[in-house]
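Undergrad: Based on the sequences and whatever the hints tell you, model everything.
Numbering (my numbering), first residue to last: 272 to 925.
Quick caveat, the hints were computed from the structure, so don't treat them as lab data.
One thing to keep in mind: the hints can contain errors.
Label-pair restraints from in silico Cβ distances [said to hold, decoys possible]: (1) ASP738 - GLY475: 52 to 62 Å; (2) PRO613 - GLU908: 56 to 66 Å; (3) SER883 - PRO368: 24 to 34 Å; (4) MET920 - ALA640: 23 to 33 Å; (5) ARG630 - LYS923: 42 to 52 Å; (6) ARG725 - ASP479: 19 to 29 Å; (7) ASP479 - ALA727: 46 to 56 Å; (8) ALA805 - VAL736: 33 to 43 Å; (9) LEU338 - GLU399: 22 to 32 Å; (10) ALA866 - GLY475: 43 to 53 Å.
When the alpha-carbon atoms are kept at most 25 Å apart in a straight line, the in silico SDA-like pairs for lysine to any residue are as follows [as the list claims (entries may be wrong)]: (11) LYS804 - THR786; (12) LYS310 - ASP451; (13) LYS561 - ARG517; (14) LYS564 - LEU505; (15) LYS561 - ARG592; (16) LYS310 - ARG517; (17) LYS310 - ARG449.
Every residue, glycine too, gets a C-beta built ideally from N, C-alpha and C.
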Amino acid sequence: MGLLEPLRVPRRAEKPAVGAARIPGRLRSLFAVPGWRRKPEPRVRYGQPFLPGHAALGRHQVSEARLLLEHAEAVRGRRFTYLGRTIGFPGRVDWDPHGIPEDWRVALNALDDIVPLGVAAALAPTPEVRRVWFEAASGLVREWIANAGRGVAGKVPALVRRIPNLIYAQVFFAPELRADPRLRRSFLESLYGQAAALAAAVPGRPADPSLVSAGRALFMAGRFFDGMEARGWLETGAVLLWAQLREQVQEDGGHAARNPAVHAAVLADYLEVLAILQASNDDVPIWARKRVKGMADFLGRLLHPDGEIPLFHGAGIGVTRPAHELLALAAVVLHEPGCAPPGPLGLWPLLLVGESGLRVHGNLPRRTAPPEARALRRTGFYVLPGAAGDLMLLDGAAPPPAGDAAAFGYELSVGGARVVVDAGMVGDEAPPWPAYFRSTRAHNVVAVGGADARVAEVSDVHWVVRDGLVYFGATHDGFAHLASQAAPGARLRHRRHVFCLPGRFWLVCDQVLGTGACDLESFIHFHPDVALKAACRGRIAFLAGRSDDAWLQVVPAGAHAVHVVHGLDASEGPPQGWYAARHGERRAASVLSLAAEARLPYVFGYALVPRSDAPVELRFEHDAFHLHATLQTGGEEYVLSVVQGDVEMVVKPV
272 MGLLEPLRVP
282 RRAEKPAVGA
292 ARIPGRLRSL
302 FAVPGWRRKP
312 EPRVRYGQPF
322 LPGHAALGRH
332 QVSEARLLLE
342 HAEAVRGRRF
352 TYLGRTIGFP
362 GRVDWDPHGI
372 PEDWRVALNA
382 LDDIVPLGVA
392 AALAPTPEVR
402 RVWFEAASGL
412 VREWIANAGR
422 GVAGKVPALV
432 RRIPNLIYAQ
442 VFFAPELRAD
452 PRLRRSFLES
462 LYGQAAALAA
472 AVPGRPADPS
482 LVSAGRALFM
492 AGRFFDGMEA
502 RGWLETGAVL
512 LWAQLREQVQ
522 EDGGHAARNP
532 AVHAAVLADY
542 LEVLAILQAS
552 NDDVPIWARK
562 RVKGMADFLG
572 RLLHPDGEIP
582 LFHGAGIGVT
592 RPAHELLALA
602 AVVLHEPGCA
612 PPGPLGLWPL
622 LLVGESGLRV
632 HGNLPRRTAP
642 PEARALRRTG
652 FYVLPGAAGD
662 LMLLDGAAPP
672 PAGDAAAFGY
682 ELSVGGARVV
692 VDAGMVGDEA
702 PPWPAYFRST
712 RAHNVVAVGG
722 ADARVAEVSD
732 VHWVVRDGLV
742 YFGATHDGFA
752 HLASQAAPGA
762 RLRHRRHVFC
772 LPGRFWLVCD
782 QVLGTGACDL
792 ESFIHFHPDV
802 ALKAACRGRI
812 AFLAGRSDDA
822 WLQVVPAGAH
832 AVHVVHGLDA
842 SEGPPQGWYA
852 ARHGERRAAS
862 VLSLAAEARL
872 PYVFGYALVP
882 RSDAPVELRF
892 EHDAFHLHAT
902 LQTGGEEYVL
912 SVVQGDVEMV
922 VKPV
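TA: This is how it looks when you write it as structure tokens:
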């Protein structure tokens, strides 16, 4: 069953299934059958603590809520922004606009705009202003109900997001809905039918992040409504949540998708559920609490010093809850001070935990320990820290099925700012941009013969922390298909070695193993704000800097040629030199490529030396059994040796 297939409620003789692209018949019949208003209104379980913090919102939080208020004002003016694209509707909203990507239409039909409108109403200075926001929110929901059954509205991705949002609409606007029984009934009938449709669609769905969101939606609907059917939703939602927590989350706390944004979104779902259980004084399985804490720890370890996620495998900034809000909420809900980042709790966590949670957060001790070298082996990410504000995050495993050709890629922050970056997310741009952002040439990796890596297996992984040196080494088979075409029986493999001496340097060394001659190219992508300039003093070197603290020297070795490209678009050849951290954002950036025409096996690479423009020399020696890298910098010579997985560093004065 596909992720985006539409829903229908099965006939009696059928098992739950997904049918034509229409809202389920049960929900549609609510508005099509004469006399439907004579049916009993769905019963609501009163006293359920959804959004206990909405009553704590006050005028003193207007500044903190500025972005949400701007969002609400735009929605009131019928301007909707999702995935970096804004569309305005002068009259009624077109819920299935022609020619717009499906992800955007799903976001529109998810009714995520209810929360900003609710926050605006809670912060309104007068009852008259609050009434304006209520009319905007109720008008939006009424228009959606009138449209029910068209386009993507009944598909699972929209349903699992819309159901919680409609529950929150009942919380934010409870007084107004009590005063308008006709409107309240319409809202409840629609919400009840959608929950029933989702429950019918869940059986047999594959284990993916949408199944976690389905569990959250059914869990919330089951606690919101009363009756036997609602209790079934609650039980189904709880079973889904705990089963998928075991299945989708690795032992190191990382999500199996290996996409940091997906990980954050799944963590947000679980933290929301745990906050609801905590507010009701309900128990959470001990193992589940530990697994969710592992997810929070994983996220905290995988953040850059700027507090944002790396852009591995299509992840983007701003596509989910901010990491600092997730960690702050985790600290309160899980009673784990170590999760709490500096700064305030944030509006979204406040809505979920209320004033009591705000007090708990205010009294939590903040830990400001610098990042430590860490191998998140199950998920395949590695942390190689430097001095304060310096951090390399390395992707050391095979890409997921929908991931990028970026095995052994990395991002690097220096002085608290990103300097070396992944190219970023695809977005909804037309060809050739999606292919570019997923390609090998868009990441800090090696390409052979200009081809993308097709990584099926990563092997011979070594992680060593010894005598202050941090080392990662691994091999992938992503270019084996090239060897089979050029020389049947040959094994073409890429092995990457990364050495880190915190505060001094990172050294990236690439071995391409096999036979024959190949064109090799290693890419280094810089943030758009980085100024790249040559610093040739009898050697090839480059200085890459963003600020007085965020800069480094790049010293290549083994390359036959070095190229710099900046913002090459499709009209000039294959795209290169672009960065897209957010939806709708594509910025030109510099890319340094080290090229070699060599007979295999061959070794080349580069040193990354933070905040140093002193002379640096780098050379490699290798044979079938060992690799030696010699780096001279700062008046010292470092000899780094790898012999059959054993790593050694010798330091001596020059």
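Undergrad: It remains to establish, for every hint, whether it holds in the given structure.
TA: Checked hints:
no.: 1; hint: ASP738 - GLY475: 52 to 62 Å; result: holds, 54 Å
no.: 2; hint: PRO613 - GLU908: 56 to 66 Å; result: violated, 40 Å
no.: 3; hint: SER883 - PRO368: 24 to 34 Å; result: violated, 53 Å
no.: 4; hint: MET920 - ALA640: 23 to 33 Å; result: holds, 25 Å
no.: 5; hint: ARG630 - LYS923: 42 to 52 Å; result: violated, 57 Å
no.: 6; hint: ARG725 - ASP479: 19 to 29 Å; result: holds, 23 Å
no.: 7; hint: ASP479 - ALA727: 46 to 56 Å; result: violated, 21 Å
no.: 8; hint: ALA805 - VAL736: 33 to 43 Å; result: holds, 35 Å
no.: 9; hint: LEU338 - GLU399: 22 to 32 Å; result: holds, 24 Å
no.: 10; hint: ALA866 - GLY475: 43 to 53 Å; result: holds, 50 Å
no.: 11; hint: LYS804 - THR786; result: violated, 36 Å
no.: 12; hint: LYS310 - ASP451; result: holds, 18 Å
no.: 13; hint: LYS561 - ARG517; result: holds, 11 Å
no.: 14; hint: LYS564 - LEU505; result: holds, 23 Å
no.: 15; hint: LYS561 - ARG592; result: holds, 21 Å
no.: 16; hint: LYS310 - ARG517; result: violated, 41 Å
no.: 17; hint: LYS310 - ARG449; result: holds, 18 Å
Hint check: violations occur at hints 2, 3, 5, 7, 11 and 16; the rest are consistent with the structure.
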